[in-house]
Amino acid sequence: MTDLNDVPIFDADTHMYETPDALTKFLPEKFSPAVQYVQVGKRTRIAILNKITEFIPNPTFEKVAAPGAHEKFYSGQNVEGLTLREMQGTAIEAPPASREPRARIEEINRQGVDAALVYPTLANLVEHSAAEDPDLTVAMIHALNQWMLETWGFTHENRLFMTPVITCALVDEARRELEYLVDNGAKVVLIKPAPVNGYRGWRSPALPEFDPFWKDVEDAGMPVVLHASQPPLDEYINKWEPPSTNNFMTMSSFRWLALGHREISDMLGSLICHGTLTRFPKLRIASVENGSAWIHPLFHDLADLNKKMPQNFPEDPLEVFRRNVWVSPFWEGSVSDVVETVGWDKVMFGSDYPHPEGLTEPKGFYKYAEGMSERRAYDFMGDNARRFLGLPLRNPSPDAAEAPADAISV
87 MTDLNDVPIF DADTHMYETP DALTKFLPEK FSPAVQYVQV GKRTRIAILN KITEFIPNPT
147 FEKVAAPGAH EKFYSGQNVE GLTLREMQGT AIEAPPASRE PRARIEEINR QGVDAALVYP
207 TLANLVEHSA AEDPDLTVAM IHALNQWMLE TWGFTHENRL FMTPVITCAL VDEARRELEY
267 LVDNGAKVVL IKPAPVNGYR GWRSPALPEF DPFWKDVEDA GMPVVLHASQ PPLDEYINKW
327 EPPSTNNFMT MSSFRWLALG HREISDMLGS LICHGTLTRF PKLRIASVEN GSAWIHPLFH
387 DLADLNKKMP QNFPEDPLEV FRRNVWVSPF WEGSVSDVVE TVGWDKVMFG SDYPHPEGLT
447 EPKGFYKYAE GMSERRAYDF MGDNARRFLG LPLRNPSPDA AEAPADAISV
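Numbering-wise (the working numbering), the sequence shown opens with residue 87 and increments by one.
Any given hint could be a false lead.
[Claimed, not checked] Under the rule of at most 25 angstroms between Cα atoms (straight-line distance), these lysine to any residue pairs were calculated in the SDA-like manner:
| # | residue 1 | residue 2 |
| --- | --- | --- |
| 1 | K149 | R171 |
| 2 | K301 | R408 |
| 3 | K158 | E401 |
| 4 | K116 | A177 |
| 5 | K301 | F340 |
| 6 | K368 | F340 |
| 7 | K128 | Q174 |
| 8 | K116 | K128 |
| 9 | K149 | M173 |
| 10 | K137 | K158 |
| 11 | K158 | P298 |
| 12 | K368 | P298 |
| 13 | K137 | E218 |
| 14 | K301 | D320 |
| 15 | K137 | P106 |
| 16 | K111 | D219 |
| 17 | K273 | M308 |
| 18 | K273 | R365 |
| 19 | K111 | V124 |
| 20 | K149 | E115 |
| 21 | K301 | E401 |
| 22 | K325 | W380 |
| 23 | K325 | R341 |
| 24 | K325 | A306 |
| 25 | K158 | E140 |
| 26 | K137 | V121 |
| 27 | K137 | W380 |
| 28 | K137 | F112 |
| 29 | K368 | A306 |
| 30 | K453 | K111 |
| 31 | K137 | T105 |
For the record, the hints were derived by calculation from the structure and aren't laboratory data.
All chains should be modelled from the sequences, with the hints used to inform the complete structure.
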């Protein structure tokens, strides 16, 4: 038995903290009035289209909550009944490893991590806040990608794989952005799991009118991550419970309950029901930081609809999911349950470093792991992310590419 500490970890969920100029440095001048940092009392906030957004408490990231500060909350051990803000304690300066790639390489070496996907943090609020102006949305996303390329690159030492963003709001612009990212060496892209607002209004990005974009993605062999973002359901939830703030750290229990993971379930359901994953069966889609509690209800509903409306499903929708979709469950979730549902080769580890809702240390996951075998450790902790990205596996076993002996037929 290999010591689990020797398994080469590929962390599928880590983040950068952007500098304040990330959205503005490359933004065309005509859009600059729409994106402003403003002082509200002693705090700096970001205003987009003249509306202050509070979703991210400190968009400059000069001070942040320590990595793993909310671990007790997410692991269900908040016996004191603390709020997230109370739990996080005193803010710290953003770790150097969250600001640039050389320091991140030093940090993952210290952590014992082999490689990682690295997501922007500010991208969480861009599309939601700028949605009413599709041209602004496209411009902000491109500006962020230009900043990311200059500051981090899209790959670093073949160990850090940054995730530039594509908005699907305008199909032709999405295609141009993909071409720009491919030309500059991106190995993976990030898309918000939500409907998009274009010139014709709101719609699913899985409708046939978006097929030219998805064909380009498939032809490029580009993996796509659907990472949790600012929820698109705020207006609906506000009808039940008017918010005192949109800061995610101060959400009520009802808001946590009602929001759930609706956006990722609907996004993947749309990719299946609207036929994108059937028309483009080689697409590789990953759900990251959306948990896994939504999988069983989605599978139940898809199976039920396939019986009631078989004419709408040219393929078994569950098999489409298992063929095309990878899942990175929350670190506090059950790995074995997800493996048994979606497949042994489609489940990826993610620590969410350096965010407070993540783990203090990636290897801290092992204290939550439930009887993980050597083979599952190799697959879950690293090789399944490599499968997603199309990278060589690190398990030295000659059988590493085959299903494990204990794989469950689903």
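Hints versus structure:
{"no.": "1", "hint": "K149 to R171", "verdict": "holds (13 angstroms)"}
{"no.": "2", "hint": "K301 to R408", "verdict": "holds (20 angstroms)"}
{"no.": "3", "hint": "K158 to E401", "verdict": "violated (42 angstroms)"}
{"no.": "4", "hint": "K116 to A177", "verdict": "violated (36 angstroms)"}
{"no.": "5", "hint": "K301 to F340", "verdict": "violated (40 angstroms)"}
{"no.": "6", "hint": "K368 to F340", "verdict": "violated (39 angstroms)"}
{"no.": "7", "hint": "K128 to Q174", "verdict": "holds (20 angstroms)"}
{"no.": "8", "hint": "K116 to K128", "verdict": "violated (29 angstroms)"}
{"no.": "9", "hint": "K149 to M173", "verdict": "holds (16 angstroms)"}
{"no.": "10", "hint": "K137 to K158", "verdict": "violated (33 angstroms)"}
{"no.": "11", "hint": "K158 to P298", "verdict": "violated (45 angstroms)"}
{"no.": "12", "hint": "K368 to P298", "verdict": "holds (15 angstroms)"}
{"no.": "13", "hint": "K137 to E218", "verdict": "holds (12 angstroms)"}
{"no.": "14", "hint": "K301 to D320", "verdict": "violated (32 angstroms)"}
{"no.": "15", "hint": "K137 to P106", "verdict": "holds (17 angstroms)"}
{"no.": "16", "hint": "K111 to D219", "verdict": "holds (20 angstroms)"}
{"no.": "17", "hint": "K273 to M308", "verdict": "holds (7 angstroms)"}
{"no.": "18", "hint": "K273 to R365", "verdict": "holds (22 angstroms)"}
{"no.": "19", "hint": "K111 to V124", "verdict": "holds (16 angstroms)"}
{"no.": "20", "hint": "K149 to E115", "verdict": "violated (29 angstroms)"}
{"no.": "21", "hint": "K301 to E401", "verdict": "holds (19 angstroms)"}
{"no.": "22", "hint": "K325 to W380", "verdict": "holds (23 angstroms)"}
{"no.": "23", "hint": "K325 to R341", "verdict": "holds (11 angstroms)"}
{"no.": "24", "hint": "K325 to A306", "verdict": "violated (42 angstroms)"}
{"no.": "25", "hint": "K158 to E140", "verdict": "holds (24 angstroms)"}
{"no.": "26", "hint": "K137 to V121", "verdict": "holds (9 angstroms)"}
{"no.": "27", "hint": "K137 to W380", "verdict": "violated (32 angstroms)"}
{"no.": "28", "hint": "K137 to F112", "verdict": "holds (21 angstroms)"}
{"no.": "29", "hint": "K368 to A306", "verdict": "holds (10 angstroms)"}
{"no.": "30", "hint": "K453 to K111", "verdict": "violated (42 angstroms)"}
{"no.": "31", "hint": "K137 to T105", "verdict": "holds (21 angstroms)"}
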